[in-house]
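Residue numbers (our numbering), protein chains in the order written: chain A, 43 to 282; chain B, 1419 to 1720; chain C, 10 to 377.
Simulated from the structure, these hints should not be mistaken for lab results. Don't be surprised by glycine CBs; every beta carbon is placed ideally from N, CA and C. Hints are not guaranteed to be accurate.
[Said to hold, decoys possible] With a Cα cut of at most 30 Å, we get these calculated DSS-like pairs of lysine-lysine:
| hint | chain 1 | residue 1 | chain 2 | residue 2 |
| --- | --- | --- | --- | --- |
| 1 | C | Lys208 | B | Lys1476 |
| 2 | A | Lys54 | C | Lys28 |
| 3 | A | Lys163 | B | Lys1625 |
| 4 | C | Lys208 | A | Lys182 |
| 5 | B | Lys1625 | C | Lys373 |
| 6 | A | Lys252 | B | Lys1488 |
[To be verified] Facing chain B, from chain A, some residues (calculated, C-beta under 7 Å):
| hint | residue |
| --- | --- |
| 7 | Ile166 |
| 8 | Val207 |
| 9 | Asp208 |
| 10 | Pro209 |
| 11 | Val210 |
| 12 | Arg213 |
| 13 | Asn224 |
| 14 | Asp237 |
| 15 | Asp257 |
| 16 | Asn272 |
| 17 | Phe275 |
| 18 | Ala279 |
| 19 | Arg280 |
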Amino acid sequence: MNPIITRSLTKKFGNFIATNAITFEVLPGEIFGFLGANGAGKTTAMRMLCGLLKPSSGEAFVAGYNVYTQTEKVKKSIGYMSQRFSLYEDLTVKENIRFYGGIYGLSNQQIKDKTAQLLQKLGIEKEAGQLVGALPLGWKQKLSFSVAILHDPAIVFLDEPTGGVDPVTRRQFWDMIYEAANSGVTVFVTTHYMDEAEYCNRVSIMVDGKIEALDTPVALKSHYQADTMNDVFLQLARGK
Amino acid sequence: MANPIIVNGIYKNFGATQALQDISFEVKEAELFGLIGPDGAGKSTLFRILTTLLLADKGNATVNGLDVVKQYKAIRKIAGYMPGRFSLYQDLTVEENLHFFATIFNTTITANYDLIKDIYEQIAPFKKRLAGQLSGGMKQKLALCCALVHKPVVLFLDEPTTGVDPVSRKEFWEMLKGLKGKGIPVLVSTPYMDEAVLCDRVALIQKGALLEIDTPQNIIHRFPQRIWAVRAENMFALLLAIRAFPQTASCYAFGEYLHVTLKAGEADLASLQAYLQQQEHTEMKILPITASIEDCFMALSA
Amino acid sequence: MHQFLVFVRKEFYHIFRDKRTLLILFGMPVVQIILFGFAITNEIREAKIAVLDQSHDYYSRRLTDKLVASGYLITDQYLQSNNQVETAFKAGEIKMVVVIPAKFGEDFFHQKKVTVQLLADAGDPNTATTLLNYATAIISSYQQELELQNNLPLTINTTVRMRYNPALKSVFLFVPGVMTLILLLVSAMMTSITITREKELGTMEILLVSPLPPAMIIIGKVMPYILLAFVNAVIILSMGVGIFGMPIKGSILLLLLECVLFVLTSLSLGILISTVTNTQQTAMMASMMGLLMPTVLLSGFIFPVESMPEPLQVLSNVMPAKWFIIILKDIMLKGAGLRDIWLQTGILAGMTLFFLGISIRNFKIRLN
Chain A
43 MNPIITRSLT KKFGNFIATN AITFEVLPGE IFGFLGANGA GKTTAMRMLC GLLKPSSGEA
103 FVAGYNVYTQ TEKVKKSIGY MSQRFSLYED LTVKENIRFY GGIYGLSNQQ IKDKTAQLLQ
163 KLGIEKEAGQ LVGALPLGWK QKLSFSVAIL HDPAIVFLDE PTGGVDPVTR RQFWDMIYEA
223 ANSGVTVFVT THYMDEAEYC NRVSIMVDGK IEALDTPVAL KSHYQADTMN DVFLQLARGK
Chain B
1419 MANPIIVNGI YKNFGATQAL QDISFEVKEA ELFGLIGPDG AGKSTLFRIL TTLLLADKGN
1479 ATVNGLDVVK QYKAIRKIAG YMPGRFSLYQ DLTVEENLHF FATIFNTTIT ANYDLIKDIY
1539 EQIAPFKKRL AGQLSGGMKQ KLALCCALVH KPVVLFLDEP TTGVDPVSRK EFWEMLKGLK
1599 GKGIPVLVST PYMDEAVLCD RVALIQKGAL LEIDTPQNII HRFPQRIWAV RAENMFALLL
1659 AIRAFPQTAS CYAFGEYLHV TLKAGEADLA SLQAYLQQQE HTEMKILPIT ASIEDCFMAL
1719 SA
Chain C
10 MHQFLVFVRK EFYHIFRDKR TLLILFGMPV VQIILFGFAI TNEIREAKIA VLDQSHDYYS
70 RRLTDKLVAS GYLITDQYLQ SNNQVETAFK AGEIKMVVVI PAKFGEDFFH QKKVTVQLLA
130 DAGDPNTATT LLNYATAIIS SYQQELELQN NLPLTINTTV RMRYNPALKS VFLFVPGVMT
190 LILLLVSAMM TSITITREKE LGTMEILLVS PLPPAMIIIG KVMPYILLAF VNAVIILSMG
250 VGIFGMPIKG SILLLLLECV LFVLTSLSLG ILISTVTNTQ QTAMMASMMG LLMPTVLLSG
310 FIFPVESMPE PLQVLSNVMP AKWFIIILKD IMLKGAGLRD IWLQTGILAG MTLFFLGISI
370 RNFKIRLN
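Please model the complete structure; the sequences and the hints are all you need to start from.
So, in structure tokens, the structure goes:
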């Protein structure tokens, strides 16, 4: 069973249809780019998949669990990171890792091992006792991604993870995403950087609550006779 | 007449963090000048110093010949400013916002309508809607109208396109191009490197220090190395392989390609090709390309 | 001037479009008055007392009857000796013991002076104080009654405290208190929040960069709240008069002018808070902890200032609310004129100028 399956997933707010009958599947270990203009319904769709918002109609399964009835299990099998909120600035690096490990039910031993591994991988053993607020932005992003996949989730949702980050860190961040995907984690990512859309295995583009296009970047570009994903996006989002 | 914006040796610290170090540049008459850098580079701090909201620790700056410290009152009459966050009243309608900002600058919407006409017409259909219910792109257009409504002599736009989707970003830059015709010098900041080429001149800023000031073309021209775009079907494997190649100077993902520089430039190309051909990369392509501003930024900040 | 009017109109848009603020602004006074007026009253009905009548004459019996006839007290036990007082209290039912000395009637008429001892269970000081007040009031009215009958200056020794609230209606004490609290809340908390909201939204940056003088920004922001607070004061007063039959013995004009003065005092406090806070949340916390709590506790609204320990009594003097409550009570219940309350008025005016002075010194023409 694919890690994310939706069938005619719909969310209405009063008369407004935020997400209009979207149907798609995400394959295991895939990096799936979820694009769309502001207000196209990305955030709403993502919230439904994370079990934070109850759909109005349609079906959705995340990691094999029903998002209507098994939200607790859905939440246990996913990791989540957004640009806005990820780590507590007033806790140290170690305390943050401990906290997230704790809420995902890892044992003390597991947390200890994972912390050591993670600090070593990011090369921040020395900064383990520092407050997260004092770290440079790039480190924070990398750390929060590592924390989001600390409990080995089947799927990780990344909501504009690289906004405002400097170019080098942005790429190091994508290296981490590749690495996670390579080790079997399914990655579901939204972004406003169109060059990042090219890094995805497949990309969907939402316009006005509907998925207007879904394919590999190469196929999309040839279908819309465009040089870059940016052009594809502009054609779709403007041509409404 | 002196240049409309002159920044001279500005320093600013917040406690132990150095927000700005020795920043100097000038923006010329009718120029679209971009301040390009990631979050935390000090862009907003510099904007606040120039719009008289913060005091620099050292150095001086003038806006239209007026000193930002001593003549702050005069600057506040002539500057147009759009702060980084969306800063209009969400519970007022489009029209009410615009009217309010026109009035506090002692003018009316009609007095300078020709200046905002092109932009305002795009949001006019929604003029009775509350600003909070506009889409991100619409909000930015309204904010730009509000910053322009008093016909400012200098315009400061702090990250007007952050968090806005590519379509709205493109439209926003088209509007800025339109403004150039009206002769207003614009200082605009952005974290999106690809927007640099849309400016007349840019200053690249990282960690509070300027890396380079010039036209985007000149900056690209000065990029010291040959650069190649490489792709294959499995990009991650390719990335790891090229990074492992001893003669690689840098290798970063850029859209559908990897951008690669080599230690000995052209001389190493053949060995790279040979090295990659030994491995099983399918659909591999290597093309020489010209660097982008982002390549330059990364090379300069490394 | 046009700029200023547009600014004020914008403020009204903010207020009227935010349903929650409106509800707080106009729902709260009504709810508070009703809550305090009907439900949370410190009136005590049918409290059980014991009487130790060592005299057993006609006058002492009439005094005992009077105590019960008030409806506030029930004589639960008649004690025989001083030794029983302790046991009566320990049993827990009895809240107060009235000790009438031997030869009560005789002393009263011959020596023209007699002392009735009131013993209260101070384990619950609030109830004790109230009961003592009730009993003293009843005894003093009994004394007046006897005086009239005999036309002689006679004294039963107890201090008279409830003179201006003969019906012992607690709502008369609460209306001024609630009014003070609400004016403080609307004026101080709402203004500090509305100013910090502009800081949070980032619109303060644009306003500062505009040619508007900073003073005009502040005055424009607080102007609507002066009006709203005043409307609130009128609502509360009408409810007090209409529903609870509260008198306004003094001049209504003076009363309303004093309200305006207190609104200004609170606004200046609100502005002061907004100059030292940057987020709505801290502004709210500062108003709650720094203003409302001390006001409720120290202004004499709930706990009588007289029964506080010395240091707190001194501290209560810096509460603007204390002075305003005195002014309100004096005008409404005693019919005081400006001549009687000039001191309190002067103190409030002085505080307002002081707070405004600090705010102006603190106000920043820049961001930090």
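Verification of the supplied hints:
1. Restraint check: the Cα-Cα separation between Lys208 (chain C) and Lys1476 (chain B) comes to about 26 Å, which is no more than 30 Å; the hinted pair holds.
2. Distance restraint check for Lys54 (chain A) and Lys28 (chain C): the Cα-Cα separation of roughly 24 Å lies within the 30 Å cut-off, and the hinted pair is therefore satisfied.
3. Proximity of Lys163 (chain A) to Lys1625 (chain B) is assessed by CA-CA distance (about 25 Å); at most 30 Å being required, the pair is judged to hold.
4. Distance hint between Lys208 (chain C) and Lys182 (chain A) is fulfilled; the C-alpha atoms sit about 27 Å from each other, no more than 30 Å.
5. This hinted pair checks out: Lys1625 (chain B) and Lys373 (chain C) have alpha carbons roughly 28 Å apart, not beyond 30 Å.
6. At roughly 55 Å between alpha-carbon atoms, Lys252 (chain A) and Lys1488 (chain B) are farther apart than 30 Å, so this suggested pair is violated.
7. For the restraint placing Ile166 (chain A) at the interface with chain B, the shortest Cβ-Cβ distance is roughly 18 Å, beyond the 7 Å limit, so the hint is violated.
8. At a threshold of 7 Å, the smallest CB-CB gap from Val207 (chain A) to chain B is about 6 Å, leaving the interface hint in force.
9. Taking 7 Å as the C-beta cut-off, the interface hint given for Asp208 (chain A) holds, the closest approach to chain B being about 3 Å.
10. For Pro209 (chain A), the interface hint holds, since its Cβ comes within 7 Å of a Cβ in chain B; the closest pair sits about 5 Å apart.
11. For Val210 (chain A), the interface hint holds, since its Cβ comes within 7 Å of a Cβ in chain B; the closest pair sits about 5 Å apart.
12. Against a cut-off of 7 Å between C-beta atoms, the interface hint on Arg213 (chain A) holds, since the closest Cβ of chain B lies about 5 Å away.
13. Contact between Asn224 (chain A) and chain B, as hinted, is supported at the beta carbon level, the nearest pair being about 6 Å apart and thus within 7 Å.
14. Annotation: Asp237 (chain A) was flagged as interfacial toward chain B, and the flag holds, the nearest CB pair being 4 Å apart, inside 7 Å.
15. Taken as an interface hint, Asp257 (chain A) does not check out: its beta carbon lies about 14 Å from the nearest beta carbon of chain B, beyond 7 Å.
16. Restraint check, Asn272 (chain A) versus chain B: the minimum CB separation of about 6 Å is within 7 Å; hint holds.
17. Residue-level restraint check for Phe275 (chain A) holds (minimum Cβ-Cβ distance to chain B is 5 Å; threshold 7 Å).
18. At its closest, the beta carbon of Ala279 (chain A) sits 4 Å from a beta carbon of chain B; the interface hint therefore holds under the 7 Å criterion.
19. For the restraint placing Arg280 (chain A) at the interface with chain B, the shortest Cβ-Cβ distance is roughly 6 Å, inside the 7 Å limit, so the hint holds.
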